[in-house]
Structures are given as C-alpha cells and as structure tokens.
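Participant: Starting from the given sequences, assemble the full structure and let the hints guide the process.
Residue 1 is where the sequence shown starts when you use full-length UniProt numbering, and the numbers rise one by one after that.
In case anyone wonders, no lab produced these hints; they're calculated from the structure.
Any given hint could be a false lead.
Unchecked claim - With a straight-line Cα cutoff of 20 angstroms, these simulated SDA-like cross-link-like pairs (lysine to any residue) come out:
1. Lys38 <-> Asp9
2. Lys4 <-> Thr32
3. Lys4 <-> Asp34
4. Lys33 <-> Ile3
5. Lys38 <-> Thr7
6. Lys4 <-> Pro42
7. Lys33 <-> Thr7
8. Lys33 <-> Glu12
9. Lys33 <-> Asp9
10. Lys33 <-> Val18
11. Lys4 <-> Pro36
12. Lys4 <-> Asp26
13. Lys38 <-> Gly5
14. Lys33 <-> Val2
15. Lys4 <-> Pro39
16. Lys4 <-> Thr28
17. Lys4 <-> Lys38
18. Lys33 <-> Val64
19. Lys33 <-> Tyr6
20. Lys4 <-> Asp24
21. Lys4 <-> Thr46
22. Lys4 <-> Thr37
23. Lys33 <-> Gln10
24. Lys33 <-> Thr17
25. Lys33 <-> Gly5
26. Lys4 <-> Pro48
Bear in mind the structure is a predicted one, so any value in this text is a computation, not a measurement.
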Amino acid sequence: PVIKGYTPDQAEIGAQTVSGDSSDLDFTVVYTKDAPTKPVNPIQPTTPAKPVNPSQPATPAKPVNPSQPATPTKPVQAGQAAATNFVDQRLPQTGETDQQHMTLSGLLLLAMSSLLGLFGMTKRQRKE
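Facilitator: Have a look at this one:
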C-alpha cells in the first residue's frame, strides 16, 4: 500500500505461482520516512505604487425626470381588502377519519361477538 510521507524499498512484489502443495509465502516491505523538504525563504514584498489621482473629477449625468406620473385605471379604496375567493381545501391528515370509523366498527363487532357468545353459552347450559 501507498503510505503518505514514506517510501517502500520494493515498488511491487513479483507474481508467484502457487499450488495446493506450496508453503506459505512471506514478503517483507520496509518503509523509510521521506526527508522533509527545506522551505524556501520568501522574498521581500515590494511596496505598491502610489495610486493615480484624476486631475478633474467627472461630472455625473443629469437624471431624467418623468413628465407625468401614471394614474391607476381603477382606484382601490383605502381600508378595503381585495376580494379573494378562498375555497376551504384542507389536506386530509393521516388516518384522521378512517381512525374514528375503524374504532367504532371495532367496538361494534366486539359488542356483537360478546352478545353472541353469551347467548351461545346459555343455550349450552340449558341443553345439559
């Protein structure tokens, strides 16, 4: 494997032919630490040149004023909200109505089965 900062003494191990009778193969690869590189001393920074000042500043262009402001075609009275048609659409919550119906159905089935069980027990007791 390649290890950062280390150099192996063998770049790769040669191919070996093995058979069922071959003994275990053992290869040793020795890694040596790479020598650190000597940092380069930076050169002295140069001083920046003085900025050039313009002799006369440029005059800005005159802004254009609109001749007449546009008036709205249909004025809206202050304090009156625009009429919007909202349809009350609400996304169904997970199992919201199904849960209630299933609970009532379960209770009804439980009550009916218990009543049938009680009537069946009384018929058996009468026969005996």
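Participant: Quickly compare the C-alpha distance for Lys4 and Pro48 to 20 angstroms and report which way the hint goes.
Facilitator: 41 angstroms, violated
Participant: Decide if the proposed pair is consistent with the structure: Lys4 and Thr32, CA atoms, cutoff 20 angstroms inclusive.
Facilitator: Measuring from Cα to Cα gives roughly 11 angstroms; hence the hint holds.
Participant: Next pair to validate is Lys38 with Gly5; report whether the Cα-Cα distance is within 20 angstroms.
Facilitator: Given that 20 angstroms is the threshold and the Cα spacing comes to 15 angstroms, the pair holds.
Participant: Take a quick look at whether Lys33 and Asp9 sit within 20 angstroms of each other, Cα to Cα.
Facilitator: 11 angstroms, holds
Participant: Please work out if Lys38 and Asp9 have their alpha carbons no farther apart than 20 angstroms.
Facilitator: Distance of about 23 angstroms is beyond 20 angstroms: violated.
Participant: Given the hint that Lys4 pairs with Pro36, test it: the Cα-Cα distance must not exceed 20 angstroms.
Facilitator: 12 angstroms, holds
Participant: For the pair supplied as a hint, Lys4 and Thr28, confirm whether the alpha-carbon distance does not exceed 20 angstroms.
Facilitator: 19 angstroms, holds
Participant: For the pair we were handed, Lys33 and Ile3, check the Cα-Cα distance against 20 angstroms.
Facilitator: 10 angstroms, holds
Participant: Taking 20 angstroms as the top limit, are the C-alpha atoms of Lys33 and Glu12 close enough?
Facilitator: Since the Cα atoms of Lys33 and Glu12 sit roughly 18 angstroms apart, the hinted pair holds (cutoff 20 angstroms).
Participant: Is the Cα-Cα distance between Lys4 and Lys38 20 angstroms or less?
Facilitator: 18 angstroms, holds
Participant: With the threshold set at 20 angstroms, check whether the alpha-carbon distance from Lys33 to Val18 stays at or below it.
Facilitator: 33 angstroms, violated
Participant: Quick one, are Lys4 and Thr46 close enough, alpha carbons at most 20 angstroms?
Facilitator: Not OK: Lys4 and Thr46 at ~37 angstroms, beyond 20 angstroms, violated.
The structure is inconsistent with the numbered hints 1, 6, 10, 12, 18, 20, 21, 24, 26, although it conforms to all the rest.
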